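With the sequences and hints as input, model every part of the structure.
Residue numbers for the sequence shown follow the numbering used here, beginning at 36 and rising by one.
It is worth saying that the hints were derived from the structure and are not from the lab.
Incorrect hints may have been included.
Below are the DSBU-like pairs computed for lysine-lysine, each with C-alpha atoms no more than 30 angstroms apart in a straight line [what the hints assert, rightly or not]:
1. K193 with K304
2. K193 with K250
3. K193 with K245
4. K304 with K245
5. K221 with K164
What you are looking at is a predicted structure, and each value in this text was computed from that prediction instead of being measured.
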Amino acid sequence: MSEGPEDQKPAGDNLESLLPIDEHVEEVQDAEGRKVRHRGIYLLPNLFTTANLFAGFYSIINAMNGNFYVAAAAVFVAMVLDSLDGRVARLTNTQSAFGAEYDSLSDMVAFGVAPALLAFEWALGSMGKVGWMVAFIYVAGAALRLARFNTQIGSVDKRYFIGLASPAAAGVVAGTVWAFSDFGIKGSNMAFAVALLVAAAGCLMVSNIKYYSFKDLDLKGRVPFVAILVVVLVFAVVFSDPPRILLLIFLAYAFSGPIQYLLQLRRRKSV
36 MSEGPEDQKP
46 AGDNLESLLP
56 IDEHVEEVQD
66 AEGRKVRHRG
76 IYLLPNLFTT
86 ANLFAGFYSI
96 INAMNGNFYV
106 AAAAVFVAMV
116 LDSLDGRVAR
126 LTNTQSAFGA
136 EYDSLSDMVA
146 FGVAPALLAF
156 EWALGSMGKV
166 GWMVAFIYVA
176 GAALRLARFN
186 TQIGSVDKRY
196 FIGLASPAAA
206 GVVAGTVWAF
216 SDFGIKGSNM
226 AFAVALLVAA
236 AGCLMVSNIK
246 YYSFKDLDLK
256 GRVPFVAILV
266 VVLVFAVVFS
276 DPPRILLLIF
286 LAYAFSGPIQ
296 YLLQLRRRKS
306 V
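In structure tokens form, the structure reads like this:
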């Protein structure tokens with residue numbers, strides 16, 4: 036029996052019916068407020084997000100195998116990739132709700148789970164239950180920080196982060212492991228100090244302390260020629276001793292928020 040025209044389906048629909056994966060459909064509003072449905076996802080920014088996720092996963096695998104140097108470096112690679120996916124999406128006008136959620140989930144792995152497991156495998160494991168409780172404080176802080184950030188988009192001053200950003204907190208934890216393990220120091224010898232640092236990073240992420248976000252810097256405009264010389268100098272200093280220099284940078288940034296907060300309290304009391 037031959038099929039009639041009403042029995043035939045487009046080839047695309049037949050292909051989708053064979054695959055156990057539904058097409059992603061996203062509903063947004065256009066400039067006039069009308070609802071518009073878009074099928075599919077943007078490939079370019081999500082490639083960077085996937086690379087960020089892979090770097091976090093790679094860090095976890097190496098931490099479990101005792102390769103702390105590689106695991107810590109992978110966290111910093113994830114930071115670079117995380118900074119690129121958002122910028123690429125804005126430059127190419129490919130922002131989407133899917134991309135934002137995917138980015139948060141990737142950040143949870145790269146800057147939440149990976150640094151906590153790295154610190155646990157290197158130092159906190161020697162403290163028993165206290166060690167994994169401290170690691171969980173950090174993981175929970177990262178999850179809460181990312182959830183709060185997603186709900187505050189568009190309602191807070193873009194110049195500041197409310198609470199320590201998860202990549203910066205990950206930089207403090209991973210930088211500590213990288214810097215001291217590079218010297219051959221065993222984490223169990225400084226487990227108490229690492230526990231305080233990891234717990235403090237977790238608490239700072241969920242605090243109301245403001246941190247400068249650097250989002251108001253104009254990277255597309257013209258700058259004096261000396262600016263590129265400063266950039267070259269910064270790269271030279273960082274690559275002269277990456278573990279120690281990066282740790283100092285992220286520690287300084289982590290302390291900048293509480294210091295500014297205390298200075299503001301002092302000014303209010305003096306007034």
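Is the straight-line distance between the alpha-carbon of K304 and that of K245 30 angstroms or less? Given that 30 angstroms is the threshold and the Cα spacing comes to 19 angstroms, the pair holds.
Is the straight-line distance between the alpha-carbon of K221 and that of K164 30 angstroms or less? The hint holds at about 19 angstroms.
Going straight from one Cα to the other, do K193 and K250 come out at no more than 30 angstroms? holds, 7 angstroms
Compare the distance between the alpha carbons of K193 and K245 with 30 angstroms, and conclude whether the hinted pair is satisfied. holds, 11 angstroms
Taking only the CA atoms, is the gap from K193 to K304 under or equal to 30 angstroms? With a Cα-Cα distance of about 27 angstroms, the restraint between K193 and K304 holds, given a limit of 30 angstroms.
Violation of the numbered hints given earlier is absent; every hint is satisfied by the structure.
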